[in-house]
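A.B. asks: Sequence:
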Amino acid sequence: MIVTPQPHIQKYDAFILSLTWTDGFCKTNACPSAVGRGEFKIHGLWPTFRAGGDVRECNPSIGFPSKIDDWPKLTTSQLAEHWPSLSTTSNIAFWGDEWRKHGTCMDTKNGPNSKVQNPEYYCSATLNMFFRYTGHKLANLMGQKKVTPGKTYQANLLFSALVSITGSKHIELQCSEKNNIHYLTEVRIYVDENGKPISKSVRLNKCKSPLIFF
364 MIVTPQPHIQ KYDAFILSLT WTDGFCKTNA CPSAVGRGEF KIHGLWPTFR AGGDVRECNP
424 SIGFPSKIDD WPKLTTSQLA EHWPSLSTTS NIAFWGDEWR KHGTCMDTKN GPNSKVQNPE
484 YYCSATLNMF FRYTGHKLAN LMGQKKVTPG KTYQANLLFS ALVSITGSKH IELQCSEKNN
544 IHYLTEVRIY VDENGKPISK SVRLNKCKSP LIFF
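If you count by the working numbering, then the sequence shown holds residues 364 to 577, one letter each, in order.
Honestly, I wouldn't trust all of these hints.
Within a straight-line C-alpha distance of at most 30 angstroms, the following computed DSS-like cross-link-like pairs (lysine-lysine) qualify [to be verified]:
(1) K390 / K514
(2) K390 / K436
(3) K464 / K509
Derived CB-CB ranges, DEER-like [what the hints assert, rightly or not]:
(4) N422 / K559: 22 to 30 angstroms
(5) S424 / K514: 44 to 52 angstroms
(6) L504 / I544: 18 to 26 angstroms
(7) P573 / P435: 46 to 54 angstroms
(8) N542 / T451: 23 to 31 angstroms
(9) K509 / R566: 15 to 23 angstroms
(10) N422 / G506: 14 to 22 angstroms
(11) S424 / T451: 22 to 30 angstroms
(12) G426 / T451: 17 to 25 angstroms
Please keep in mind that the hints were generated in silico from the structure rather than gathered at the bench. Every residue, glycine too, gets a C-beta built ideally from N, C-alpha and C.
Between the sequences and the hints, there should be enough to build the whole structure, so can you do that?
C.D. replies: Structure below.
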């Protein structure tokens, strides 16, 4: 992956809303017992380029607070429910890492003089995007498309269901392999710089297999 440090310039033309599928992730990784299964959780919201490449760590000097209970629009419990750390890293450390890598590159107008530099805005925008693209009920909606957990599907069937539900035609699938089974671990939904669905069809199967266990 190409990383382009840009401390003062924002030229991205898309975001990736990266959602972790807990069933597949926890099947191939050690997860905290408190993490619910059968749900999509937020991994992050990442400024990016549609043509490839990445924008990262634009201003890592802007830190993430050690406590966020005083934020007027968000609570720790809201973030912990939908954006939990799935490793031994604390939630605060996980959110701070996402902020440093990706949030410091966000802005509201995609211009050099409008950087957000605000962890609360980044976390709020990420949570709003998660709800906008039905991440909180995505598994149920996929079930309505006859794609239910615990079965193996052709990648194209997963793509079709996700495009139909989210409205974005630019979708990426990530997997982890265990015992010759490719478990779906992440769905990445690409949206434009204004958060709107992308109409150009791009299906990125990074699972190294046309058969994926959901």
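A.B. asks: Take the hints in turn and mark each one as holding or not.
C.D. replies: We went through each hint and held it up to the structure:
no.: 1; hint: K390 / K514; result: holds (14 angstroms)
no.: 2; hint: K390 / K436; result: violated (34 angstroms)
no.: 3; hint: K464 / K509; result: violated (36 angstroms)
no.: 4; hint: N422 / K559: 22 to 30 angstroms; result: holds (26 angstroms)
no.: 5; hint: S424 / K514: 44 to 52 angstroms; result: holds (47 angstroms)
no.: 6; hint: L504 / I544: 18 to 26 angstroms; result: holds (24 angstroms)
no.: 7; hint: P573 / P435: 46 to 54 angstroms; result: holds (47 angstroms)
no.: 8; hint: N542 / T451: 23 to 31 angstroms; result: holds (24 angstroms)
no.: 9; hint: K509 / R566: 15 to 23 angstroms; result: holds (19 angstroms)
no.: 10; hint: N422 / G506: 14 to 22 angstroms; result: violated (41 angstroms)
no.: 11; hint: S424 / T451: 22 to 30 angstroms; result: holds (26 angstroms)
no.: 12; hint: G426 / T451: 17 to 25 angstroms; result: holds (21 angstroms)
Violated hints, listed in ascending order, are 2, 3, 10; each of the other numbered hints is respected by the structure.
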